[in-house]
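**Student:** Residue numbers (the numbering used here), protein chains in the order written: chain A, 1 to 782; chain B, 1001 to 1139.
There may be inaccurate statements among the hints.
Stated by the list, open to error - A short, non-exhaustive set of chain B residues, derived as facing chain A with CB atoms under 8 Å:
id	residue
1	Glu-1031
2	Ile-1041
3	Gly-1073
Hint data in this document are derived by calculation from the structure and do not stem from the laboratory.
Here the structure is a predicted model, which means the values were calculated and not measured.
Every residue gets a Cβ at the ideal spot worked out from N, C-alpha and C, and that includes glycine.
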Amino acid sequence: MGTGAQSLTLLALLLPFLGAIAAPLLTRVLKHNAAWVLALVPLWIFIHFTGFMGTVAGGETVAGFFDWIPSLGVGFSWYLDGLSLTFALLISGIGTLIVLYSGGYLKGHQQQGRFFSFILMFMGAMQGLVVSDSFMTLFVFWELTSITSFLLIGFDHDREAARRAALQALIVTGLGGLSLLAGLLVIWNATGINSLSALLGSGDAMRSSPLYLLALVLVLGGAFTKSAQFPLHFWLPNAMQAPTPVSAYLHSATMVKAGVYLLMRLNPALGGTTAWETILPLFGGVTLLVGTVLAMRQTDLKLMLAYTTVASLGLLVMLTGFGSDKAIEAAVLYLIAHSMFKGALFMVAGLIDHETGVRDIRRLGGIGRAMPVTFAAGLLAALSMGGLPLFFGFLAKEEIYAALPTGTPWGMLLTAVAVGGNALMFAIAFMVGLKPFIGARGDIPKKAHEGPPLLWIGPLVLGLSGLVAALLSGPAHFMLSSPMSSAVAGTAIEVHASTVPHIGLPLLLSLVTIALGLTAYLTRDRLREVVAAGLKAIGWGPDLGFDQVMRGLLKLSFVVTKIVQSGRLDIYLTVTFSMVALALLVPMVIYNELPVMPEMPMLLVHEWTIVVIAVIGLGAVVYAKDRLTAIVSLGIQGLAVALLFMLFGAPDLSFTQFMIETLSVVILALVMTRLRLSPTDHRPASEKVLDVTISGACGLAFGLLLLKVTQNPFDDTLSEFFETHSLAIAHGRNIVNVIIVDFRGLDTLGEIAVVMVAGLAILALTRVRTPDRKPPATLEGG
Amino acid sequence: MRTLIFRTAAPTLTALMLLFSVFVLLRGHNEPGGGFIGGLIAVSAFAIHGIAFGVHQVRRTLYFHPMAISGFGLFLAILAGLISLAFRVPLLTGLWTSLTFGDLTIDLSTPMLFDIGVYLVVVGSITSIALALEGREDA
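Here chain A stands alone, though its shape is the one from the complex (with noise of 0.2 Å):
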């Protein structure tokens, strides 16, 4: 790969950050229109990545390299085969569809240039995040994914709702983050590997490893929380929140498909041990009957659609865990066909609510005649899902049933979760594709009327290349089924899957779905009522666990800050000095490093006189009667040591010390005046001795520190550096000084910064009124 096809990538995975900045100024030029424009965007990184199929469709990949973190041998790399180009194509398709969809959806919308800047930014990361190669980007990547989905679904951050879904779909996703960075440190850790290319080629070293069993959980966490996986399912349903165009896309298309896409890839390096082939089926079983049957309690379109998508992720995981060759075609194939049909119907859920005000399934019907187009879509969209014959959706059922092993009581069982899934999606399939569309007209408070050419474009596409990937299956296969299905498999896979149906077991377990989805469809408002006593009966779920423990956390760190930060000075006071005196005095008692005691100084008479300034300095501030003579008092003592500095050779030193202690008394004095304590001390006898034993450790653990420390034999590299080159190359005679502004200027820069910080915290102190303390009543205030 040339240089210049390089940096055409990089343009590619840069490019929509840069249209994401020029979002909102195109949309106050030219309005919704912007999405013409701007749908460029992502449909020329479409164009670029075609480019790649003929490499990567003859079992070549396609890698590129920049130079990011040097130090850590960490870059910003690319690797793209047959698994990351299906992806970054998904992507870029939909994404084309999409921003033409939000352009007619969000029309006259305040904040639209906004929301287009959020979608691109998201498409840019889920775009980063399917071609990382290092586990670096992948990582970055992966938490802007969160941390965008976060802006869109409390897009309409008005709404209480939708910051709470927001805030939870960050927080459940963001500890996935983390558990997938552990996970991938580990696997770092286990065998040296630090990119995904390289990892692939080393699964059995990984396997072997005894880190495998820790790296895979951690991991699991992150695919897991991605793509909602019982029992993390609930943030996917609270995120329609969002507007419908984010709803279609990062919820169904491509986000949730985040974590797949991350088992899908690291198949060949952690896939084939018995703890993937149970932990997956197990959880994805368990995630699609649990998805499809809370899908049939709905009766909002967009909200049935979404537990359809936790059960389809549920599908795609439990296939995936197989591991078999099959099961892997089966998972490629469902995976392409669900972003295409589940993209669609999302869109023509937005359509019919956006039309007609309803997106309620009991009120909706026959506005089939006034909205034809939407009509075609919606029934395309729907014949793929429910996977009848001709359809994309259809290929892919068919090779679930043939890849479902049957010999075991633990794949038979599987197998009845798969048709009792399908059958179930097959019913809510027509729910929303067909059903609002035909029979007596509802009861709409619109006049309902097709939509502009910019909402149908997108569902039409989707649904109609739903049957034409089916028809022409032949170079579907070739260009992405096959080349993404060796990718994940570790070694090469043909695909071959057609209309023409498997004869056999296969065939019939499809006719058994049909019939089951018939009757689930016919009766849909027995089952909802079933299903709603069911859940009514069992009355929690982890929606709500979620903000039981959201409630707990709050308490708890209100409780603990009440500890900590109690907000009396005399207990910070306290706690702070007696850390002080045990830290210094009992390392020195346990490792018998107390000093020699000195002998008495030979000292003049002004010296001594002097010295005893200081000690009836000190004794006049414990004896003092008021605060103000103590204060005064403390002036005096400082004020002699500061003389003693002077005569034994500190002029600086005492110099400063001498303007120090004057500008304490007087700050001390004023702060006196401001606090309106009563001028006498009032602790009871037993303070006054816990404060004075705690004081006279401080002194005496002082003492007996710098005593011990001139004991020591003393270093003078230092100050023999600064007195041979002070004035030679500083042009200085006073070292201290040229010390400060010269020789160690950056520490001075820092700290007279420092000064300044805490004159503006202490000016803003001042003017701090006595403050409120209320625990946080709800998780509420975003």
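Model the placement of chain B on the given structure of chain A, informed by the hints.
**Tutor:** Positioned in the frame of chain A, the structure of chain B alone reads:
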């Protein structure tokens, strides 16, 4: 504290102390002194002025908000460091030059500029604290 003697002596004292603080600042490179000490002397001067005539009077005398003075000091200190970058030497490298007026030679240097910055930060921040404690912030 507003005795007649104190109020009469205060302006003179303040002026002398300020002058002395600048003297201490400038001689600091060769004799005991420097920005920190000079700044502290200046703060004491303002404190005396404040005790004698009140906070409002000091704020009027200062004209600038003390925190602004402090900020300008930090700016000067950073500027002194950045100048060396323009001469393609590492940040905060001391640079020296001499100006000659007839017989008089004045040495100028970036450490001196830096020290003036230190002086202003100390003056500004601590005066600000003292004034805020002494009276309600009204400027």
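**Student:** May I ask which of the numbered hints given earlier this structure violates, with the numbers listed in increasing order?
**Tutor:** none
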